[in-house]
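Protein sequences, first through last, are from chains C and X. 35 is the number of the first residue of the first sequence in this note's numbering; add one for each residue after it. 35 is the number of the first residue of the second sequence in this note's numbering; add one for each residue after it.
No lab work stands behind these hints, which were simulated from the structure alone. Hints are not guaranteed to be accurate.
[As the list claims (entries may be wrong)] What the simulated footprint calls covered on chain X by chain C, stretch by stretch (three residues with Cβ under 8 Å from a Cβ of chain C suffice, anywhere in the stretch; the number is not a length):
{"hint": "1", "region": "230-239"}
{"hint": "2", "region": "307-320"}
[Stated by the list, open to error] Mimicking DSSO-like on lysine-lysine, the simulated pairs with C-alpha atoms at most 27 Å apart in a straight line are:
{"hint": "3", "chain 1": "C", "residue 1": "208", "chain 2": "X", "residue 2": "258"}
{"hint": "4", "chain 1": "X", "residue 1": "161", "chain 2": "X", "residue 2": "134"}
{"hint": "5", "chain 1": "X", "residue 1": "312", "chain 2": "C", "residue 2": "113"}
{"hint": "6", "chain 1": "C", "residue 1": "312", "chain 2": "X", "residue 2": "325"}
{"hint": "7", "chain 1": "X", "residue 1": "208", "chain 2": "C", "residue 2": "215"}
{"hint": "8", "chain 1": "X", "residue 1": "208", "chain 2": "C", "residue 2": "161"}
{"hint": "9", "chain 1": "C", "residue 1": "112", "chain 2": "X", "residue 2": "135"}
Backbone N, C-alpha and C define an ideal beta-carbon position, used for all residues, glycine too.
2 protein chains.
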Amino acid sequence: MSKYVYGIDVGGTSIKIGLFNFESMDMINDFEVETPKLNHKDSIFETIYQGIISNNEINNILMDDILGVGIDVPCPVKKGYVHTCANLNLNDTDLISSMKKYLPDHVELVAANDATIAAFGENASLKNPYDNAVLITLGTGVGGGVILDGAIVEGATGLGGEVGHIRVYDEEEKVCGCGSKGCLEQICGTAGILNYTKNLLPNDTSILDKDQLTVKAIFDAAKKGDPVALKTVHRVAKYIGIAASILSIINEPDVFIIGGGVSKSGKFLIDLIQMYYKENARFTTGDIPFKLAMTGNQAGIIGSAMLVKSVIVST
Amino acid sequence: MSKYVYGIDVGGTSIKIGLFNFESMDMINDFEVETPKLNHKDSIFETIYQGIISNNEINNILMDDILGVGIDVPCPVKKGYVHTCANLNLNDTDLISSMKKYLPDHVELVAANDATIAAFGENASLKNPYDNAVLITLGTGVGGGVILDGAIVEGATGLGGEVGHIRVYDEEEKVCGCGSKGCLEQICGTAGILNYTKNLLPNDTSILDKDQLTVKAIFDAAKKGDPVALKTVHRVAKYIGIAASILSIINEPDVFIIGGGVSKSGKFLIDLIQMYYKENARFTTGDIPFKLAMTGNQAGIIGSAMLVKSVIVST
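Kindly generate the complete structure, drawing on both the sequences and the hints.
What follows is the structure in structure tokens.
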């Protein structure tokens with residue numbers, strides 16, 4: 035009889051739940067439920083449990099056939115423990131023991147930060163996964179995760195892998211959301227991209243409309259050769275390349291994976307990043323491949339499911 | 035009967051050999067032999083073997099009582115394998131199998147990069163070792179190593195932990211020895227420190243003598259309040275602080291350990307580094323302690339011995 039694992043992606047707005055075949059890691063089905071805003075902490079875990087119960091029924095699966103549940107949350111996690119969570123009522127919460135109350139003993143549980151889980155899942159989804167991988171996701175913010183020797187890097191308290199806050203720009207004068215200055219996110223996050231482009235627009239010829247500026251419009255215009263858009267995109271690629279060269283010299287991954295909304299620009303962006311990376315890479319690290327993230331907004335459920343499978347397999 | 039391990043530190047000029055009690059990790063004795071310059075690769079391993087044999091005799095110890103031998107070398111090492119070594123005839127060499135030929139099967143062998151081994155040894159030498167530690171060594175160059183979850187970080191090919199080549203200075207115009215620009219080593223290595231100070235001297239009042247300038251003289255003058263020397267030392271501390279803030283956001287160690295010649299300036303330097311680190315640290319990583327390296331030029335033999343002991347204990 036088939037066995038299964040669940041991958042759960044807990045976000046500020048919704049909880050995504052995916053059921054996977056344990057052997058093939060094919061996804062059976064997935065669905066979303068609203069993230070409960072109730073004040074009692076257990077509401078999130080109850081909601082996950084109810085989701086699992088009803089999804090088991092829909093798929094005619096017994097709880098005995100569920101081998102593991104992987105959960106990600108949008109905050110630092112250390113060995114399953116959340117100290118503080120800005121967007122959810124999870125401060126001082128042991129995710130594992132909180133979930134254990136609802137599930138039978140045989141169900142293996144893992145929990146980690148969402149971007150770190152995504153890094154694990156993106157690498158594990160490659161045809162030939164690597165031992166060492168770094169994911170950089172480009173969206174409103176810049177996030178990511180670090181995988182070393184096949185394991186996720188959490189660091190002392192779960193803040194490891196916050197690649198968006200690598201200091202890359204010495205001359206930055208504005209303060210980043212993190213309280214420091216010169217972070218990768220200040221240049222390559224949505225606000226940084228839009229502000230830089232807006233400042234260029236009055237002085238240069240461009241097909242871009244200042245009043246309807248989006249990151250997508252900038253990348254599309256750059257592909258068409260628009261000089262302002264190209265300047266912005268080269269700047270984004272340059273600083274991602276520099277951040278990657280710093281990551282290389284500290285952790286030397288076998289692969290960089292680029293994800294998030296901006297990564298939809300595809301090979302155009304990857305090629306530019308790789309060019310700047312090679313310019314800044316040290317020693318022999320310049321040949322590390324860059325790949326596009328493939329799991330999209332299912333990164334959380336796929337990564338969580340893959341992480342709990344890897345724990346089950348190794349124990 | 036007591037059991038023992040050897041720690042071996044292979045340098046370009048000499049090979050340091052230390053004998054340690056396995057239980058207490060007290061050093062029984064240590065000695066140096068010249069690094070052989072012969073062209074055949076085995077000469078280094080033969081020299082180590084002869085050193086072990088004669089030291090066993092001196093200490094009246096049987097080979098049966100040697101549980102392990104740890105070896106470090108001054109080049110990237112991946113799982114005991116050296117691809118290229120700039121200073122020694124060790125290109126394309128499996129250090130483990132090369133040494134295995136000389137030693138009985140029961141002897142556990144480990145080999146790794148010297149700075150990474152030093153990081154492992156410095157952390158393991160602390161009263162309460164941490165899971166995650168980073169060593170930054172300040173000397174002619176700037177080196178170091180990264181320990182995560184108790185294990186050394188080698189990366190894809192053994193280049194992990196090259197903290198001296200973290201890019202910290204965006205405006206640097208000179209090319210670093212590594213081929214890139216703006217590396218920590220360009221500011222905080224001996225040449226960087228001396229050049230920066232020399233450029234300041236013609237214009238400022240200072241007790242420093244331009245023709246007899248040394249890094250030690252600069253740090254001593256800074257302690258006395260010399261304005262030129264203070265400017266240099268603050269610059270060094272600032273960029274180490276920035277590099278540490280970058281390391282924190284990627285790997286979030288529990289501790290930073292500062293070693294190398296410059297670290298002899300002691301608390302004076304550590305306090306400055308910590309001040310700049312706090313200015314640049316992100317989120318809650320600002321409270322990570324900074325400690326001075328304690329093992330000095332025995333870092334290699336102590337770290338190698340501790341690493342092989344850790345492997346024996348865990349298997």
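Checking each numbered hint in turn, tell me which of them this model violates, lowest number first.
The structure conflicts with hints 1, 3, 4, 6, 8, 9, although it agrees with all the remaining ones.
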